[in-house]
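K.L.:
Chain A is fixed; fit chain B onto it per the hints.
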Amino acid sequence: MRIAAFFLVAASLGSAKDSCVECHSVLEGVLAAPTARFKDDVHKRRGFSCADCHGGDRNLDDPKASMSSARGFRGKIQRTATAKLCASCHSDTAVIHRFKPQQRVDQYAQYLTSTHGKRMAAGDTNTANCTDCHSVHDIREVRDAQSPVHPLRLPETCSKCHSDAERMKKYSHPTTQFEEYRRSVHWEALAKRGDVSAPGCASCHGSHGATPPQVTSVAAVCGTCHVLFENLYDQSPHKPVFTAMGTAGCVACHGNHEVTKPSPAMLAGSESICGRCHETDSAGGKLAVEMGARIRSLEQALGGSDEVLNQARRAGMEVSEALVRQVEGRENLVKARVAVHAFELAAVEKPIKEGLAIAAETHRAGQAALKERDFRRTGLGLALIAILVTIIGLWLAIRSIERRPEPEASASGR
Amino acid sequence: MAKIETDRVGQAGWLEERLGLDSVRKLLAHKTVPRHSGTAWYYFGGITLFLFLIQVGTGILLLLYYRPSPAEAYESVQFIVTRVEFGWLIRSVHSWSANLMILAAFIHMFSVAFLRSYRRPREVTWLSGVALLGLALAFGFSGYLLPWNTISYFATKVGTDMAAAVPLIGPPLARFLRGGEEVGGATLTRFFGFHVAVLPAITTLVLAIHLVLVQRFGISSPRSVEKKYQAVGRPVPQMPFFPNFFLRELMAWYAALAVLGILAAIFPWDLGDKADPFAPAPAGIKPEWYFLAPFYTLKLIPSHVWFMEGELLGLVGFGLLGAWWVMLPFWSNDRNGSERTLLVTGTGVLLIAYLSTFSVLGYWK
Chain A
1 MRIAAFFLVA ASLGSAKDSC VECHSVLEGV LAAPTARFKD DVHKRRGFSC
51 ADCHGGDRNL DDPKASMSSA RGFRGKIQRT ATAKLCASCH SDTAVIHRFK
101 PQQRVDQYAQ YLTSTHGKRM AAGDTNTANC TDCHSVHDIR EVRDAQSPVH
151 PLRLPETCSK CHSDAERMKK YSHPTTQFEE YRRSVHWEAL AKRGDVSAPG
201 CASCHGSHGA TPPQVTSVAA VCGTCHVLFE NLYDQSPHKP VFTAMGTAGC
251 VACHGNHEVT KPSPAMLAGS ESICGRCHET DSAGGKLAVE MGARIRSLEQ
301 ALGGSDEVLN QARRAGMEVS EALVRQVEGR ENLVKARVAV HAFELAAVEK
351 PIKEGLAIAA ETHRAGQAAL KERDFRRTGL GLALIAILVT IIGLWLAIRS
401 IERRPEPEAS ASGR
Chain B
1001 MAKIETDRVG QAGWLEERLG LDSVRKLLAH KTVPRHSGTA WYYFGGITLF
1051 LFLIQVGTGI LLLLYYRPSP AEAYESVQFI VTRVEFGWLI RSVHSWSANL
1101 MILAAFIHMF SVAFLRSYRR PREVTWLSGV ALLGLALAFG FSGYLLPWNT
1151 ISYFATKVGT DMAAAVPLIG PPLARFLRGG EEVGGATLTR FFGFHVAVLP
1201 AITTLVLAIH LVLVQRFGIS SPRSVEKKYQ AVGRPVPQMP FFPNFFLREL
1251 MAWYAALAVL GILAAIFPWD LGDKADPFAP APAGIKPEWY FLAPFYTLKL
1301 IPSHVWFMEG ELLGLVGFGL LGAWWVMLPF WSNDRNGSER TLLVTGTGVL
1351 LIAYLSTFSV LGYWK
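Protein chains in written order, with the working numbering: chain A, 1 to 414; chain B, 1001 to 1365.
Watch out, some of these pointers could steer you wrong.
Derived BS3-like pairs: lysine-lysine, alpha-carbon spacing no greater than 30 Å straight-line [claimed, not checked]:
| hint | chain 1 | residue 1 | chain 2 | residue 2 |
| --- | --- | --- | --- | --- |
| 1 | A | K371 | A | K353 |
| 2 | A | K371 | B | K1274 |
| 3 | B | K1286 | A | K192 |
These aren't lab readings, by the way, just hints derived from the structure by calculation.
Same shape as in the complex, but just chain A:
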């Protein structure tokens, strides 16, 4: 099979004639559409043709002969056969590595283990195969921004099926994930800031091997990016409790698809998440209130410094060193937020103390800059008065000179 595929590829790359495109491009409707789309397809650019998937002989002009079963013509590919057909090349290193030496070839193997693959193997053609995600006849490389599986477009591509209530009905599957995800910090990073490293659907669920994470593995999924949080959570008193309760670790407080920006309000106050389990006057409730208050105090201190420094900066004062220190202060704020996941006040207090010291220092620097601005403006005012007096003096001197009777003014006018 591999050798046959190799020779098929080699033969087709060496041939320039393509009777499939020649005929279908002058037809109408669905018979012509693939040829128009195929011009943008990565396979086309690599020298592949219709016949490489659909079979037949592209070198023959006679449609009957070129699309005969004797020439291996397969016609329209059945949905249950698509993945296997793609795999005939994409699982073959001998073929794929000719074009991309680093390209992986385990997609089909993964697909077979995925929920999509298993259902498709069971004959459920309602589930996704390769072309549902990668498109068909206009397949682009993943890094191509127009590809439906480009990181920036992938969530929308998944949502085409997963937000379709009709399609999901028979699986009793929720269809609100994409809407929830669009309210999350992950979506904001991905779609609004264009950060392609921000998590999309595949980052947590996998792509070809797409499977929903189980309750026990959620922390591990989040921990692939949020390593420090996972480490602290693993050693915290919450882990055994949540595990015993059958509650997914991170999801219990942060949700899954709709992960919103964390704030001290999650720890204390009317919207407290801790308060859902811990009474306010319990040890856990008090700890949450304390941690929230500490974090809020550092946020306010850094915000106050920002205000003073920006005021000085707008006045043209050089405060870049203080602004760099502010970044260090914010790092302490991040550390404190991370330390919350140890659920110990001492762990939060250390970065808070360091951050507050920095905020005090930068606030002083900002105030000094504003003082210096006032000093400069006072100096400028005095200098301008001195200049004005001098100009008036000069003007009076000129008037006095020119009122005197002129000696013998030269009028040579060169």
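P.N.:
Coordinates of chain B only, in the frame set by chain A:
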């Protein structure tokens, strides 16, 4: 009392014998300046000189702390503006006076053109003046890189790329300017050398020639003023250079100093962020205002026009336009000696309109 007076006369005599001050006194006593409605334009040459002297003074002070290497340049300027006593003022005055000097030089050049002061025998005075403006622009371009911040780094990259587009000499010229293939440490060292040694030496020489020629041929009266007084049979009224014009010029210098002080104190020159050669060029990189018009023009020209590269076409256009303007004294009159008034005024007006419009568009777009 008589003894003191004798000593004073004795000291003056001693100086007179050694310095020949009497000739200077006589020169000042006889030097005059035409007095008419456009006399105020004569101040701009002196204002340009005054700002140049401020540049020299503040530049020398900055040299005491500035270190010309990629590792230290930005930090040394940061040290000057944050730690050195009144360093912020010196740096800000240096940057603002550089810009005001170029503005004053442009005003001086156009006023000379519109008053027709370049006429025979002042053609070389005009040429030396245009050379001084070119040197001022070179000072601006070389000095812009010295703080080694992001904007200056990428503006220098764009500027030297433009130089590289000149046919034949472009690539070696760009290599010479950069001290290599890319803008880097070697470029900074070179630009520093140009800015504090090569350009000041050439400028001193050309400035001396310019001032000697101004002194030699005096200050010109516009032809219209000359005709007006010739019609009534009187010479153009003159005012003594010293003290009348000198004191007026001094007033203008003080006014320039006040403007400089206001700009330096209220709008201190921004230091920006340290240059990172490995970072992508930030969006909206622009050169200094005096290079905005050609910069924006090059942006508008398509990458290929007929058989030429767009950038090359633009540079050829600027070269021809510059040469046409520099040669103004030699084409301003026809073969009969009559002035091509419409052509001269039209060229001047169009040039001002082009420079101002494209500079504004280049700034906003």
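K.L.:
None of the hints should be skipped; say for each whether it holds.
P.N.:
Hints, verified against the model:
no.: 1; hint: K371/A - K353/A; verdict: holds (27 Å)
no.: 2; hint: K371/A - K1274/B; verdict: holds (26 Å)
no.: 3; hint: K1286/B - K192/A; verdict: holds (27 Å)
Checked against the numbered hints given earlier, this structure breaks none of them.
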